[in-house]
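Protein chains: 2
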Amino acid sequence: MNAATQKQSISQMMDTIGAAARQAAVALANADSTSRDGALLAAADAIRNRSNEIILANDKDMEAARERNLSAAMLDRLALDADRIEAMARGLTAISQLPDPVGNVLAEWERPNGLRIQRVSVPLGVIGIIYESRPNVTADAAALCLKSGNAVILRGGSESFNSSRVIHQCLVDGLESAGINPHAIQMIPTTDRQAVGYLLSSMNEYLDVVVPRGGKSLIKRVQEEARVPVIGHLEGICHVYLHASADVEMATEITLNAKMRRTGICGAAETLLVDAAAAQQLVPTVCGALIEAGCEVRGDDSVRSLVPAAVAATDEDWSTEYLDAIISVRVVDGLAAATAHIAQYGSGHTECIVASNQAAAEEFFTDVDSAILLHNASTQFADGGEFGMGAEIGIATGRIHARGPVGAEQLTSYKYVVRGSGQTRPS
Amino acid sequence: MNAATQKQSISQMMDTIGAAARQAAVALANADSTSRDGALLAAADAIRNRSNEIILANDKDMEAARERNLSAAMLDRLALDADRIEAMARGLTAISQLPDPVGNVLAEWERPNGLRIQRVSVPLGVIGIIYESRPNVTADAAALCLKSGNAVILRGGSESFNSSRVIHQCLVDGLESAGINPHAIQMIPTTDRQAVGYLLSSMNEYLDVVVPRGGKSLIKRVQEEARVPVIGHLEGICHVYLHASADVEMATEITLNAKMRRTGICGAAETLLVDAAAAQQLVPTVCGALIEAGCEVRGDDSVRSLVPAAVAATDEDWSTEYLDAIISVRVVDGLAAATAHIAQYGSGHTECIVASNQAAAEEFFTDVDSAILLHNASTQFADGGEFGMGAEIGIATGRIHARGPVGAEQLTSYKYVVRGSGQTRPS
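As you go down the protein sequences, you meet chains V and Y in turn. Each residue of the first sequence is one higher than the last, beginning at 0 in numbering that gives the first Met the number 0. Each residue of the second sequence is one higher than the last, beginning at 0 in numbering that gives the first Met the number 0.
Keep in mind that the hints were calculated from the coordinates and are not lab data. Keep in mind that a hint or two might mislead.
Straight-line C-alpha distance at most 30 Å; calculated BS3-like pairs for lysine-lysine [said to hold, decoys possible]:
1. K414/Y x K414/V
2. K414/V x K219/Y
3. K219/V x K6/Y
4. K414/V x K215/V
5. K59/Y x K215/V
6. K6/V x K219/V
Use the sequences and the hints to build the structure in full.
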């Protein structure tokens, strides 16, 4: 097939997928929660029943990944075993048990002329999800969309293509056993990158929103090419700020957890800011604990004078999401300087203040403009599950539609229903 | 200046405006409601004090418009007189009296580990508004943005450039007298269309959202060029559906009002659907009243057999927003056929069912997917003021962020603030 023919065949394929998704979304919007939840439970069963098949497919993906010399971290994200497959199945069950986010009366009021107005939650419609290598995202993301009554078009990373395809089939099994249109969950059956381009640029008619989940290069591509609305997930350059009033022990525990519990997640801390007024007490203890835990500390001059093992931070460090056991540390002159640093270098994801002084925490909450702000708690709580949302499709750093953890409720819109008794509008 | 130099100077100008807006937005996010409301009241005073100046500028716009042979409807939209200026000032006062949409706790809950989570409303940041000829939009749109703590970049139609410029100056007077950064409300000081292109395609860094208000060609341009999030306002192809159980008198009054009260607004009805089972009773009476009121009726064969004065509707009529004294009328075979017609030809704006049968109304509410659905009330209630929102920037037909009337509350986002006591996340 020559390039032009292939391009045409991809656009035809994508249009077919889009039209089928739109049709499924209409049916899904009227499917009751019992059948949507039933499909999730049946999909969980299917995943358990087909676990051998999933592992065989995953072996194929792993083999190809090793041949391509992918990093250990990438291989770990890609790998599935019995435990991870069981966790996936349990995740579907948990999502089925969440309250139905659709059909809820979000607000209601009556007008002086007797009109009764309700704002009622409805699904968004059709959601496109573009994600990278983790195959379990296939199950999580599709389940959240189904829970919220949305049809979904999945486009996973090429590395996990075989694994995702079997998982997708389990989800379709679930839909079919619940009598739901199987096009409610579709997966793009090719790893051709042109399909992503077409999804972003030419599917306005079929797609209500695109949710990208992945690294910088994916996000950059989406920002450049998207002609459909995007619920954006930028990088997480998360800060821990130790106020002068911070308790040393709490500061140490929170910083260690925020950085080192898991270094590869978007809620992991990347920069530590320490008040100059308490740097003498805080910096050696906190940085010592980080170094002892295997973390590389990159500090400014003040930090290096207190921690000889620290290497020199460059300006680039302040805007780097390491996703690794590395932290940049800077001494700042009070809360305003911390806030200014975060405004300049942060990504609007999650920031934490450790402080005994309540007023300082409240000031931090007012002055810092990020999706999630924490006082005296680890940044690694930036997670839909930890927020009590059951599951999440990611953390949105944009300000349009959803911000922070995006769970089932955030994948809905609303409509107004107005009940009258013959009212006409005066001229 | 040659074209390349001009292009460069426009991009420089726009970047300067964007950076200033971003800076103003930061200051504005922390300005208390007293100063924001104070600025609105001072702007109302400035509009009253400068009314002669506004009228002189408007005369200039009107003269140019007449020279360009703009339609009577366009001239009417453009014209300002003492009454309209007073209405603009009163609009600002009314917006100042609305409740503050910023800083409200939208939800709060506590987690088993003791974390207390609040979702708190915050401004969106910087809003770009592109609108057409009506100069009063300058005041309304800017006031809603200011009320909700957002900085705004206004780009009005070239026809109203002189009028809008003086109105904009009144708003800046208001900001200055309240001690707010005057860049919180900026107007693009040129009618060059390249400025709109740059706003849509190259200002991601500065703009959080663009709100287009205008006709089809503007919306089309925005859809094609926008690289920033858009809160969309498509056309309003609004339907009135007369169920077989409709009371004839109520059906007549609502249809007349929905079509003829004002024909040029987006909530005006464009298509009437009548149940076949009651067509004999309903069609002659309702269409007769419309014709008597000066409305042209374009009907299908069934309608024309009952109303000899009706002209034949073509397929194009079902998807036309007339914004004029014309209505398309079709006889449909029950509620499902009405719903299918709306799904095929509607624009997702506003639809009304007239029915005595409550169950039919509820079915209509479930099955029709539009921003606003009304039972036994005129579609012309599709308006933020009529909804009790005080004012609106338009009716959003998209599903992302805001849907239906977009008032001050809809121009906000939120952030999460989480209060802990040293919590770290278990591995």
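To see whether the hints hold, each was checked on the structure:
As the CA atoms of K414/Y and K414/V are separated by approximately 23 Å, the hinted pair is consistent with the 30 Å bound. Between K414/V and K219/Y the alpha-carbon distance is near 24 Å, which keeps this suggested pair within the 30 Å criterion. Only pairs whose Cα atoms come within 30 Å are accepted, and K219/V paired with K6/Y is accepted, the gap being roughly 25 Å. Straight-line distance between C-alpha atoms of K414/V and K215/V comes to about 35 Å, which puts the hinted pair past the 30 Å bound.
About 51 Å separates the Cα atoms of K59/Y and K215/V, which puts this hinted pair outside 30 Å; it is violated. Between the alpha carbons of K6/V and K219/V the distance comes to roughly 23 Å, so the proposed pair stays at or under 30 Å and holds.
Violated hints, listed in ascending order, are 4 and 5; each of the other numbered hints is respected by the structure.
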